[in-house]
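Chain order of the listed sequences is A, F and U. Under our numbering, the residue at position 52 of the first sequence is numbered 52, and the numbers go up by one with no gaps. Under our numbering, the residue at position 18 of the second sequence is numbered 18, and the numbers go up by one with no gaps. Under our numbering, the residue at position 122 of the third sequence is numbered 122, and the numbers go up by one with no gaps.
Among the hints, erroneous ones may be present.
No copy is singled out in the list; a pair is fine if it fits within one copy or between any two copies.
Here are the computed lysine to any residue pairs in the SDA-like style, where the Cα-Cα straight-line distance is at most 25 Å [as the list claims (entries may be wrong)]:
(1) 144 - 156
(2) 144 - 105
(3) 144 - 42
(4) 144 - 154
(5) 144 - 76
(6) 144 - 132
(7) 144 - 45
(8) 144 - 119
(9) 144 - 6
(10) 144 - 44
(11) 144 - 115
(12) 144 - 120
(13) 144 - 104
(14) 144 - 10
(15) 144 - 35
(16) 144 - 51
(17) 144 - 36
(18) 144 - 5
(19) 144 - 55
(20) 144 - 46
(21) 144 - 159
(22) 144 - 3
(23) 144 - 31
(24) 144 - 47
(25) 144 - 29
(26) 144 - 25
(27) 144 - 9
(28) 144 - 77
(29) 144 - 116
(30) 144 - 32
I should point out that these hints are in silico values taken from the structure, not numbers from a laboratory.
Residues per chain are reported as follows:
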Amino acid sequence: MDARLVDKQEIAEVVLRYCRGVDRLDFELVRSCYHDDAIDHHTGFDGDADGYVAWLTTLLPRLSGTMHLIGNLLVEVDGDLARSETYGTAHHWGNPLTDPSMNFTSGFRYVDTMERRDGVWRIAERWAVREWTRSIPADTVRPKEGEGPSPQRDRSDPVYRAWRQP
Amino acid sequence: MDARLVDKQEIAEVVLRYCRGVDRLDFELVRSCYHDDAIDHHTGFDGDADGYVAWLTTLLPRLSGTMHLIGNLLVEVDGDLARSETYGTAHHWGNPLTDPSMNFTSGFRYVDTMERRDGVWRIAERWAVREWTRSIPADTVRPKEGEGPSPQRDRSDPVYRAWRQP
Amino acid sequence: MDARLVDKQEIAEVVLRYCRGVDRLDFELVRSCYHDDAIDHHTGFDGDADGYVAWLTTLLPRLSGTMHLIGNLLVEVDGDLARSETYGTAHHWGNPLTDPSMNFTSGFRYVDTMERRDGVWRIAERWAVREWTRSIPADTVRPKEGEGPSPQRDRSDPVYRAWRQP
C-alpha cells in the first residue's frame with residue numbers, strides 16, 4: 001500500500017505540473033508530462049504529444065491568461081499502468097474582455113492512462129472531456145499592476161522566485 | 001504516521017468515489033461509500049443510506065448532468081474513527097437551460113464522520129452543509145456530440161474505457 | 001520518498017487549516033499556520049503574521065461569510081524548506097447582497113515558502129497572487145435557517161460537532 005501511495009502522489013504531480021506548465025506558458029514542462037508516443041484527445045485537437053504542445057504554443061499566447069484549477073483526482077494503479085480521473089475548471093481571459101471566444105470558463109475532466117517507463121510516470125493517453133463552457137461576465141476584473149502580488153506567465157511569476165533566503 | 005497517510009488516502013477516496021458515483025449515475029458506487037446504518041443530512045433529505053440513495057435515484061435522472069468538483073479535504077484520524085471536511089462546488093444542468101431549478105451551482109461542505117469496520121472506511125454520518133446557490137447564466141453551453149471527448153452518465157463515459165491496450 | 005510524502009501531507013494540511021481558520025473566523029488557527037517571523041504579501045496588506053491576522057480580524061467579520069476552495073497543491077521539499085503553490089477560488093458574501101465590494105469571487109494562488117522548525121511545518125513567506133475578481137450575480141441565494149445543515153462561522157458549525165458517538 002505504501003508503494004501505491006508513492007505512485008499516486010507521483011501521478012497526481014504529473015497532472016499538477018501539466019496545469020502549471022499551461023498556465024505559465026512553460027511548454028517544456030507541459031511536454032514532459034507526456035510519453036513520446038502519447039495520444040491526446042482534446043476538443044479541437046486529436047493527435048500526439050508533440051502535435052498537442054505545438055497546438056497549445058500557437059493558441060495560448062493569444063489569451064492574456066489561464067487558470068486550470070483542478071480538484072478531484074482519483075487514481076487506480078495496476079503495476080506500471082494507472083488510470084486517473086481529474087476534475088477541473090479552466091478560466092480563460094483575453095482582450096477585449098467582452099470577447100466571449102477569449103473570456104470563458106469550462107468544466108472538464110481529464111481521463112488519463114498513465115504509464116511508468118524507466119521509473120517515471122507520464123501520460124500515455126488523455127481524454128480531455130469537456131462538461132460545459134460558460135462566458136465570463138463582463139464585470140470580471142484583473143488585478144492592477146502593483147496592487148498586490150500579480151501573476152505572470154513567465155519566469156517572473158512568484159512561483160519561480162528564489163526560495164532560499166540569502 | 002505512515003499508517004495515517006494510508007488512512008487519509010482511503011478516506012479521501014471514499015469521498016472521490018461518492019462524487020464519481022453521483023455524476024455517472026452509478027448508484028451502487030454511491031451506496032458503497034456508506035455503512036449500512038449510516039445517516040445522511042442533506043438539504044431536502046434526512047435519513048439513512050438506503051433512503052438517501054433512493055432519493056438520489058429519483059432526483060438525479062431528471063437533470064441532464066452534474067459535476068461535483070471537490071477541493072479542500074482535511075481529515076483527522078483517531079483509530080477507527082475519523083472526521084473529514086470536504087469543500088466543493090456542484091454544477092447542475094438540465095432542460096430547458098433557462099429553468100433555474102435545474103441549472104444552478106452550489107457551494108457546499110461535506111462534514112463526515114468516517115468509520116473503519118472490517119478494515120474498510122465508509123461514511124457513518126454526513127452533514128452536507130450548503131454555503132450558497134447560484135443560477136447558472138443562460139449562456140452556458142454543453143459540448144456538441146462529436147466535438148471532442150464528451151461526458152456520459154453511463155458506462156460509455158471515457159472513465160470506464162478499457163485502459164489495457166490490447 | 002516516504003518521508004517526503006509525510007512532509008507533503010503536513011504542508012498541505014497547513015494550507016487546509018489556514019482556509020478553515022479564515023472561513024470559520026478561527027483566527028488562532030490562522031495564526032498557527034505562520035511562523036512568528038513570517039511575512040505575508042496580500043492585495044491590500046504586506047507585513048508580518050501578527051499584522052496580517054489583525055488585518056483579517058477587522059476585515060472578515062464585516063462579511064456574512066467566505067469560502068476558500070482550494071485545488072492544485074504542488075509541493076517541492078528540500079530538507080526543512082519547501083515551496084508550495086496552491087490554486088483556489090475565494091467566495092465572499094455580505095449584506096446587502098447587491099454590494100459588489102462584499103459579494104465577489106476571486107481566483108488566486110498562494111505561493112508559499114514553508115519551513116520546518118522544531119519539527120513543525122509553517123508558512124515562512126506567502127505571496128497571495130490574485131488572478132481575477134468577479135462580482136457575484138445578484139441571484140445568489142444563501143440557505144435558509146433550518147432548510148438543511150447550515151454553515152456557521154463559530155463553534156456551532158457542523159465541523160466542530162462531537163464525532164464520538166456517546
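Margin query: Please sort residue 144 with residue 35 into within, between, both or neither, judging by C-alpha distance up to 25 Å.
Written below: Neither: 39 Å inside a copy, 29 Å across copies.
Check: Checking residue 144 and residue 119: alpha-carbon separation at most 25 Å within a copy, between copies, both or neither?
Finding: Neither: 44 Å inside a copy, 39 Å across copies.
Margin query: Within a copy, between copies, both or neither: which one fits residue 144 and residue 51 at a CA-CA cutoff of 25 Å?
Written below: between (35 Å within a copy, 24 Å between copies)
Check: Are the CA atoms of residue 144 and residue 3 at most 25 Å apart within a copy, between copies, both, or neither?
Finding: neither (46 Å within a copy, 41 Å between copies)
Next item on the list: Check residue 144 against residue 55 for me: Cα-Cα at most 25 Å, and say if that holds within a copy, between copies, both or neither.
Entry: between (30 Å within a copy, 21 Å between copies)
Check: Between copies, within a copy, both or neither: which fits residue 144 and residue 105 at Cα up to 25 Å?
Finding: Result: close both inside a copy and across copies, 21 Å intra and 17 Å inter.
Item checked: Status of residue 42 relative to residue 144 across identical chains (alpha carbons, at most 25 Å) -> Between copies only: 13 Å across, 33 Å inside.
Note to self: Within a copy, between copies, both or neither: which one fits residue 144 and residue 29 at a CA-CA cutoff of 25 Å?
What the structure shows: neither (28 Å within a copy, 31 Å between copies)
Next item on the list: If the cutoff is 25 Å on CA atoms, where do residue 144 and residue 32 land: within, between, both or neither? Let me know, please.
Entry: Neither, since 33 Å and 31 Å both go past 25 Å.
Item checked: Intra/inter-copy verdict for residue 144 and residue 9 if alpha-carbon distance must be at most 25 Å -> For residue 144 and residue 9, neither the intra-copy (36 Å) nor the inter-copy (34 Å) Cα distance is at most 25 Å.
Note to self: Within a copy, between copies, both or neither: which one fits residue 144 and residue 104 at a CA-CA cutoff of 25 Å?
What the structure shows: Classified as both: same-chain Cα gap 20 Å, cross-chain 17 Å, threshold 25 Å.
Checklist line | 25 Å Cα threshold - placement of residue 5 relative to residue 144 | finding: neither (41 Å within a copy, 38 Å between copies)
Checked against the numbered hints given earlier, the structure breaks hints 5, 8, 9, 11, 12, 14, 15, 17, 18, 22, 23, 25, 27, 28, 29 and 30 and satisfies all the rest.
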